[in-house]
Amino acid sequence: MLGEGIIQGLVETARNFFGSYVEKDRLTTVQYPEQRLTLPEASRNFPFLLYDGTDPEAGLRCVACQICEKECPPRCIHIEKSKDKKPDFVGKQQAYPAVFDIDVAVCMSCQICVEVCPFDAIRMDKVYELSTSDRFGGLLWTKEQLSKPNEYYQKIHPLEAAETDERREKELAEAQAKAAAAAAKAAQAANPAPGDASGNGASAAAKPTTAVHE
Amino acid sequence: MTPLAGCLLVSALLFSIGLAGALTRRSAILVLAGIELMLNAANLNFIAFWRFGAHPEFLTGLIFVIFSIAVAAAEAAVGLALILAIYRHARTSDVSEITEMKG
Amino acid sequence: MGMTFSFLILAIMTLAGGVAAMTMRRLVHCALALVVSFAGLAALYLNLGAEFAGLAQLLVYVGAIAILIVFAILLTRGGEGEPEGSFSPSPAGIAGAVAALAVFAVLTWAVETSSVARAGAAVAAPQTTMREIGFALMQRYVLPLEVIALMLTAALIGAVILALREKRNEPADGTAQKQGLRA
Amino acid sequence: MTHPESVTWIVRNLWLIPALPVAAAGASALLKRSQRRLSAGLAIGSMGISLVLSLMAFAQALADPARRVVTFNWMQFGDQWVQLGWLLDPLAAVMLVMVSFVGLLIFIYSLGYMAHDDNFTRFFCFLSLFAGAMLGVVIANSLLLLFMCWEVVGLTSYLLIGFWFQRPAAAAAAKKAFITTRVGDLGLLIGMVWLYAQTGTLLFYNSGAGCLEQTAVAGMEAHITAAGMAVSTAIGLLIFCGAAGKSGQVPLHVWLPDAMEGPTPVSALIHAATMVAAGVYLVARVYPLMSPDAREVVAWVGAITAIFAACIAVAQNDIKRILAYSTVSQLGYMMLGLGVGGVAVGMFHLITHAFFKALLFLGAGSVIHGCTEDQDIRNMGGLRRFMPVTFATYTCGMLALCGFPLFAGFWSKDAILHAAHGWGVSQGPFYLGAVGALLTAFYMTRQMYYVFLGQRRLAEATVSPAAVAAHEIPAEQIEPVVSARTGEVCIIEHPHESPGVMTRPLVVLAVFAVLLGFVGTPAWPWFQSFLAGESTGLDFGRFSEAGLLPLMVISSLIVFAGLGLGWWFYGRKPILHATDPDALEKIQPGVFHALANRLYVDELYGVTVIALTRFCARFAAWLDRWIFGGAVRIVAWMVTGMGWLDAGVDKFVVNGGFDEGCRDVARGGRLLSHLQNGRVQNYLRVIAVALVVLAAILLWGRRG
Amino acid sequence: MISAGAVDQVFVTLKDWIVFHTPAPLQTLVSIVIEVATIIVVFAALFALTTVFERKGLGRMQNRYGPNRVGPFGVFQPIADAVKSLTKEDVVPRAADHVVHYLAPLVLVGVVFLTYAVLPVGRNMTAVNLDAGVLYFFAVGAATELAVFMAGWSSHNKYSLLGAMRAIAQMISYEIPLILSSVPVIMMAGTLSMVGIVEQQARTSGGLAHWNVFTPWGLAGFILFMIAATAETNRSPFDLPEGESEIIAGYFIEYSGFKFALFFLAEYLEMFAVSGLGITLFLGGWSAPFSFLGWIPSWIWFFGKLLTLIFGFIWVRGTVPRLRMDQLMNFAWKFMLPMTLIVIFSAGLWRFLSAAVVGPMPLGGVIRWLVCALVILAPYITLARGLERGRRIEKRVYRYAE
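Chains as they are written, first to last, in the working numbering: chain A, 176 to 389; chain B, 4 to 106; chain C, -10 to 172; chain D, 14 to 717; chain E, 93 to 494.
In short, the hints are calculated from the structure, not lab data.
Computed from a predicted model, the values in this text were never measured in an experiment.
One thing to keep in mind: the hints can contain errors.
Unchecked claim - Partial chain C-side listing against chain D, Cβ under 8 Å, derived:
#, residue
1, 89
2, 91
3, 99
What the hints assert, rightly or not - Stretches of chain D that chain B covers, calculated by requiring three or more beta carbons in the stretch to come under 8 Å of a beta carbon on chain B:
#, region
4, 686 to 692
5, 697 to 710
Glycine is no exception: its CB is placed at the ideal position from the N, C-alpha and C atoms.
Throw the hints in and build the complete structure from the sequences for me.
The structure is reproduced here in structure tokens:
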């Protein structure tokens, strides 16, 4: 019968209409600025740069190898290499990015940069409230804006971060072991005095390495 | 000038405008529009004579105008349908180009 | 007693609309100007006390015929492309204008010399109600009304038949169309 | 319209009875071919309502047998109004019920019979129109209205007989029926005009002013015309011409058997219940006009028809043709009854005959349907086994037709014979009628033996194995046999009983065929008294009336004799093969062939009337070709000669100067044709200028 | 204590008071200005209210909150919208016909406001009591089609032209059932005057008002009228002139800012106007349904009914999906038109079946009701079957998947 379906539909909407005042469960809307959904662990968008320690300048993991810049499909990464070098976390002398810009207006969150980075320097973020009133500069993020500490990474992606940290610790340990062995060999060769130079940290271990290189 | 004469003059002017359009414009649609204007001028005459005539209570002029409007609707519909048919046939609605019936 | 102010304004509106309709270059503009003229005329009828006729004029001319004209313009592709030159300086056009002028002159002359128009005293506006018009239509003029209704029906059918596209010689299953699409 | 207070609702709305089927016909004429159910529903529904209304009318007539008349003005001639109207009296009421009831049954039966026809909707359209027109004939209170309906009846009869117009035979039969009845209708028309001239009205009853009422009839009886006949006699006979045409009386009976080409329901409807009865009804209706002289003619014509047709029926082999001749014969009986006994006698037989003849026709239709459209009784036989219902009902109908005691036909036929016996003018019709009754019983017995009893002699009505494989035919209806003709094994289809929609009307009709006679027995002549508007009671004492009981015994004996003769010839030794000669044929081949060829009436007409017409036509053609044509040709030759002469003059004398002038004209024309340049605006411009000039002239003229 | 009549006529009294205190030569002008201004203000305010109610209502029907940010419960949303549309850039396409483009929304809104002149919003609350009120309403309303065409054509955009053509075709098609479905009311009332029609329905017998909607033809006519009105105002489910999925936004694609807001305003005003007409014709205008409710002021009745109908519009919009063009036209010509004619016939029958024909009131009235309802119902079933034929949804068959 013509009209039957319409009446059924009207009843359905009326039930929704009145029901939404009675049963709060019906309302699926999240009142956004006040209520927020917790994002799932795997949620990700827009890359950021990781640094170790507390100093973004010194601890920046990026060595400006420019692989990500070349791989980026929309070409939203712009890197300028520094002239000088500084030691990385294992104490190796590496270049660092003088300029590292990402145009997030162009970025498509494809995560390719993360996958190609050999230095665990770039990771995906979870930000989404990005609106800005600056139409041109606002979404061009510089190195300073991009750099975030490892603790932040551990907070937003705990599992991934743990895995990365573990690997890096292993690398560090290997590097230290190698350095220690080299140092021992060098010490043996040069002066057999017992090395009290069991300095703490990477900077201490870096010196012999540098020496080796030289 | 009496109101009746005023109405008649307006009507005459409207009629002439319509006629001028019908005579000079090349688009068949505008020719039809001109004819509609002439028809309307005639209607105005009827209304004027009914209003200022001797027996407005007989409603003759008014009723005639109503009928005339109805006829005009039919005329316009058929006329425009004709124009459409001609346009489909000749791919133009320019009356100066539609001369197949010439002697 | 002369003409009232409102009459003057409406007359000017009507005539201006008419002139614009007959002289503008784009057909759609002409149609819109025509609507102004029709609407002015409807208002004139109202002004003259012919309420029903005025509203019928509005309903039929503005509501239907104007739309029809507009449709016709668009269907004949008059709404786009280069507009035609409004005043062709051809001898035929000039002859037409002269003929129209002559008609106007004669009509004016007729009005001026007419004793009826001169003597037409201003009468009080007749009080016609819808009811009276209805009775007139249903009693005295019922036969013309029926005839008009019949004629309208005939015109409707005729217009539909005229405006229908002629059937082309296509196979009934529409394969030609499909092939055409594929091609 | 005049409505006296006494006129009840049903009388006022009696027109609905014919109008409804006509309306249904009109509606179904607009239907698409595929809307079969709708058209059948329309026809049957309208007929059902008509039946209900008829029953109401009947009840009204029962309650108050006085004649009720409604007239209305139809058309104005000068200062005179032609009035039409309808009436309700017992005669009309009985006819109404009969026609609408039998009609309804036939409609229902047609559902089944025509189920596979492509033109189902057209059929029901015609059928409804026919029924409506027939009902119109019944209720008409004006000879003019009756004549109009009468002609519509004729038209629809033409359409229905020629329903299968693809068959040449059907088309020819339709034409024959139409033209033959027109011959009679010519008489009717003349009679009608004469009647109008005499009485100034065509209304039958109009409170004393009608043409059938005392004053008019007395006036006409007093007026003597040529050959010493009273005018009423002459008019009555002319009207009887029409009745004879429609009712198939000798010599206009020839169309009726041929009309069997139509579908069987048509045969039943037209040739049993209604159209042929229309003639009888017409005579009954105008009975007051029928003077004793006229009645004598009617009686004789009826009696001759009765025996004449019965004779022919004996030797026919087509199942429907036998019934057709039987119908002609029974119509003769009705006319005889009208002539010798009055309205009630004839009408009683009409009513009973309508039921049992409809039954017989429908039964025959059922047989034909069951035998895959074969109509030859020689190819049947033994159908009793396959079609028990049809057989039983057919037997009822057959016994009723024969006048077997206590069946309906017995009472009505007996009434006729009784009346004929008591007729003062001559005993001839009685003897003719008695012999006719014998023959009736005889040929019906013959038919029964051929069709239902004896052995199956079905011709090789083979069915294709594909149809069998497709289960179109139930397995119990087929049987493999060895073909007698070709010697091959083929599958033949058993005759089968018809579907319920066809057999149920048969059963209903059979009940009537058995019982209907009891409304008009001598002991309780309710029917007769009802028509006369009297009351009656049951009184067995009436049997003791002089001569009645012996006559009934005699007529029963005649029937038994006919049945016995039939058994003697056909029941004793049933024929075994379809090609075997008829039992009568063996004894008297000459007579049998004459009868089988319908006593050569058609041939007689062929060599007399038709030959005369053809001769006239040839003569006219000859006249046209040679006399008039010759004259024309001579004139033409003369003109041609003049033409040659003129041409010579023209070519050599005139042309020299003329050509030049022509060229000038052509040049002028070309110049002028520029005006007609096809541009609308040019024309419009000319009109405008003309308008200006005209207006100027007018104004100038009025200025002074 | 103020009597019921005083509350009822409070606005009329107020206006009379103001007019009375103005200088005599200006009185007519002031009176007109007050009426016009009242109509504009009241209905524009109603428009503002309706937009927010519509959005909230639709939200609730879809189990959402709807706007609730600007002001408490989002009631100031229309103000925000107004500010936004007023401050937005008014973009006009370069190829557009500027004059016509500019005029179209103005003509549309103006014409729609003109129709309010004859609408009786309360007892003695009609701007102009025209003798041919209904005719006036339709005649003036017919001009909206032209405005739509102007907008569509002048934008010089094929989508807008298509949208305009669709809108005009739809409006013309549905204008016929719209007018025809109001014919029975005019037939029964014997007048074209809106005030007269309402007064006809305000009469009561046995405590019940003579609303047309209480009769079978009135009920059917009302439903048909509202369907046609929905189509006439291009509201969902007949909103395909602005079908976003096909032609983006129809005839007002190229409008932005305030002109767009005007189109929006015109659409709602049209909806109110046509609802007001429906109320006047079928729902007894400003009258109360039962005589014991007569103490409630007439304008409350009118606006109450108006809000109910508006809620109906919103409800339907929240329920029914958009039609396809061919369905729309089929529906108009194969269902609406025959049904309106049937309703006219039924109304005639109603008139004919007076107490003299069907017998005394209680039983006779029921018989009359049933007969007239049957006359409408039977063709409805037939027509509905005709519309539904071929619409049976068959089981989906997959050619390769199974």
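So, going through the hints one by one against the coordinates:
1. Given hint, residue 89 of chain C at the interface with chain D, holds; its Cβ is 7 Å from that chain's nearest Cβ, closer than 8 Å.
2. For the restraint placing residue 91 of chain C at the interface with chain D, the shortest Cβ-Cβ distance is roughly 5 Å, inside the 8 Å limit, so the hint holds.
3. Annotation: residue 99 of chain C was flagged as interfacial toward chain D, and the flag holds, the nearest CB pair being 6 Å apart, inside 8 Å.
4. Here the region 686 to 692 of chain D counts 6 residues with a CB under 8 Å from a CB of chain B, which clears the bar of 3, and the coverage holds.
5. For a cut-off of 8 Å, the count of residues in the region 697 to 710 of chain D with a CB near a CB of chain B stands at 3, and the three-residue condition holds.
Checked against the numbered hints above, the structure violates none of them.
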